[in-house]
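**Student:** Residue numbers (this note's numbering), protein chains in the order written: chain S, 1 to 183; chain B, 184 to 305.
Since the hints were made in silico from the structure, they are not lab data.
Careful: at least some of the hints might be erroneous.
No more than 30 angstroms apart at the CA atoms, straight line, and that leaves these computed lysine-lysine pairs for DSS-like [unchecked claim]: (1) 95/S - 217/B; (2) 95/S - 79/S; (3) 154/S - 217/B; (4) 217/B - 145/S; (5) 154/S - 223/B; (6) 95/S - 154/S; (7) 217/B - 160/S; (8) 145/S - 95/S; (9) 223/B - 145/S; (10) 160/S - 246/B; (11) 223/B - 95/S; (12) 160/S - 145/S; (13) 79/S - 246/B; (14) 160/S - 95/S; (15) 154/S - 6/S.
Which residues of chain S face chain B? A partial, calculated answer using Cβ under 10 angstroms [said to hold, decoys possible]: (16) 63; (17) 64; (18) 65; (19) 80; (20) 84; (21) 88; (22) 90; (23) 91; (24) 93; (25) 94; (26) 155.
Sample of chain S residues facing chain B (criterion: CB under 7 angstroms; computed from the structure) [claimed, not checked]: (27) 86; (28) 87; (29) 89.
Cβ atoms here follow ideal geometry from the backbone N, Cα and C, with glycine treated the same way.
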Amino acid sequence: MGLEEKLPSGVLLTTVEGLAGYARKNSLWPATFGLACCAIEMMATGAGRYDIARFGMEVFRASPRQADLMIVAGRVSQKMAPVLRQIYDQMPEPKWVIAMGACASSGGMFNNYAIVQGVDHVVPVDIYLPGCPPRPEMLLDALMKLQEQIGDTKLGANRKRQIVELEQAALLATPVTAARVQI
Amino acid sequence: MGQGNVYLPILFLGLLAFGFAAFSVTITSVTGPKRYNRAKVDAYECGIQPAQVQLGGGRFPVKYYITAMLFIIFSIEIVFLYPWAVSFDMLGLFGLIEMIIFVLTVFVAYIFVWRRGGLEWD
Numbered sequence: 001m002g003l004e005e006k007l008p009s010g011v012l013l014t015t016v017e018g019l020a021g022y023a024r025k026n027s028l029w030p031a032t033f034g035l036a037c038c039a040i041e042m043m044a045t046g047a048g049r050y051d052i053a054r055f056g057m058e059v060f061r062a063s064p065r066q067a068d069l070m071i072v073a074g075r076v077s078q079k080m081a082p083v084l085r086q087i088y089d090q091m092p093e094p095k096w097v098i099a100m101g102a103c104a105s106s107g108g109m110f111n112n113y114a115i116v117q118g119v120d121h122v123v124p125v126d127i128y129l130p131g132c133p134p135r136p137e138m139l140l141d142a143l144m145k146l147q148e149q150i151g152d153t154k155l156g157a158n159r160k161r162q163i164v165e166l167e168q169a170a171l172l173a174t175p176v177t178a179a180r181v182q183i
Numbered sequence: 184m185g186q187g188n189v190y191l192p193i194l195f196l197g198l199l200a201f202g203f204a205a206f207s208v209t210i211t212s213v214t215g216p217k218r219y220n221r222a223k224v225d226a227y228e229c230g231i232q233p234a235q236v237q238l239g240g241g242r243f244p245v246k247y248y249i250t251a252m253l254f255i256i257f258s259i260e261i262v263f264l265y266p267w268a269v270s271f272d273m274l275g276l277f278g279l280i281e282m283i284i285f286v287l288t289v290f291v292a293y294i295f296v297w298r299r300g301g302l303e304w305d
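All chains, full assembly: derive it from the sequences and hints.
**Tutor:** Now the structure itself:
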């Protein structure tokens, strides 16, 4: 605080983590993984009305090698699961996954043997976005929450500590159903 | 009045661009986590397991030898046709008659291949 006041106006100070987080979150490039109906909503989000380009994400990379965000939009069948995993593995770090829609989050309305009941059986998911399909505004909200997460990500040894802390917090958190039933 | 070279700013811009690219590549190789997995070094084939690279390019049908031979023959013919095309006006009528005889000779070979079924693929 004291140092910034003494500098001439126009000079800002920040941390390396803050700068890295800022750069990463505002330049996310999604990989096209639109599988089913949620892909239509994803396309709508990329179109003019709910512009995703203002977040820097208008370029949906076809190659996973150039992408850092995978929006799994749609139901994943058992046949598609290895493809999904291969694409995820081929993305370079750092990478994030949004499970868009009910089918990607939990199997959705397809409670059967053909659909993977939740894409987190296959890849690690950062944000679950419910909806059938989620409106474009909901997808943008999920992206903004993910951007917050990315901006708060620390680097190096701090990151290792942060991972442990987040795990502890998640284990101690009240499950959503328990919170509703007021146990 | 001391006047520097007007192209100096462009040089500085070029150096800045090169410097930024070099910095980016070096910094990621230094600070980036190296997390290897087998799929990452595989060829990208839309998520399916890619076809493995085979010795010598793998097996191929032997019918291609006919294609190779025909290519050699007619490629040599083309090699003779190109200089004639370039110096067409200097060679005049004599060149035309000569080249027609040459093309007819190769044409005989072409008729032979055609009638013997060399152009049928299956």
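**Student:** For the hint on residue 90/S, does the least C-beta distance to chain B fall short of 10 angstroms?
**Tutor:** holds, 5 angstroms
**Student:** Would the hint linking residue 95/S and residue 154/S be met if the CA-CA limit is 30 angstroms?
**Tutor:** holds, 15 angstroms
**Student:** Hint check: is the beta carbon of residue 94/S less than 10 angstroms from a beta carbon of chain B?
**Tutor:** Constraint on residue 94/S satisfied, holds at 8 angstroms.
**Student:** Verify the proposed pairing of residue 160/S with residue 95/S, using a straight-line Cα cut of 30 angstroms.
**Tutor:** holds, 16 angstroms
**Student:** Less than 10 angstroms between beta-carbons is the criterion; does residue 91/S satisfy it with respect to chain B?
**Tutor:** holds, 8 angstroms
**Student:** Using 10 angstroms as the Cβ threshold, decide whether residue 80/S counts as touching chain B.
**Tutor:** This interface hint holds because 8 angstroms falls under the 10 angstroms limit.
**Student:** Does residue 84/S pass the interface hint, meaning its C-beta sits closer than 10 angstroms to a C-beta of chain B?
**Tutor:** This hint holds: residue 84/S lies near chain B, its Cβ roughly 7 angstroms from the closest one there, short of 10 angstroms.
**Student:** Does residue 145/S pair with residue 95/S here, judged by a C-alpha cut-off of 30 angstroms?
**Tutor:** holds, 15 angstroms
**Student:** Has the given pair, residue 95/S with residue 217/B, been kept, meaning a C-alpha gap of at most 30 angstroms?
**Tutor:** Answer holds: residue 95/S to residue 217/B is near 13 angstroms, not above 30 angstroms.
**Student:** Given residue 87/S was flagged as interface, is its beta-carbon under 7 angstroms from a beta-carbon of chain B?
**Tutor:** holds, 5 angstroms
**Student:** At a threshold of 10 angstroms, is the proposed contact between residue 155/S and chain B supported by beta-carbon distances?
**Tutor:** holds, 8 angstroms
**Student:** Hint check: residue 154/S vs residue 217/B, CA-CA at most 30 angstroms. Holds or violated?
**Tutor:** holds, 17 angstroms
Hint compliance for this structure: hints 10 and 13 are broken, all remaining hints hold.
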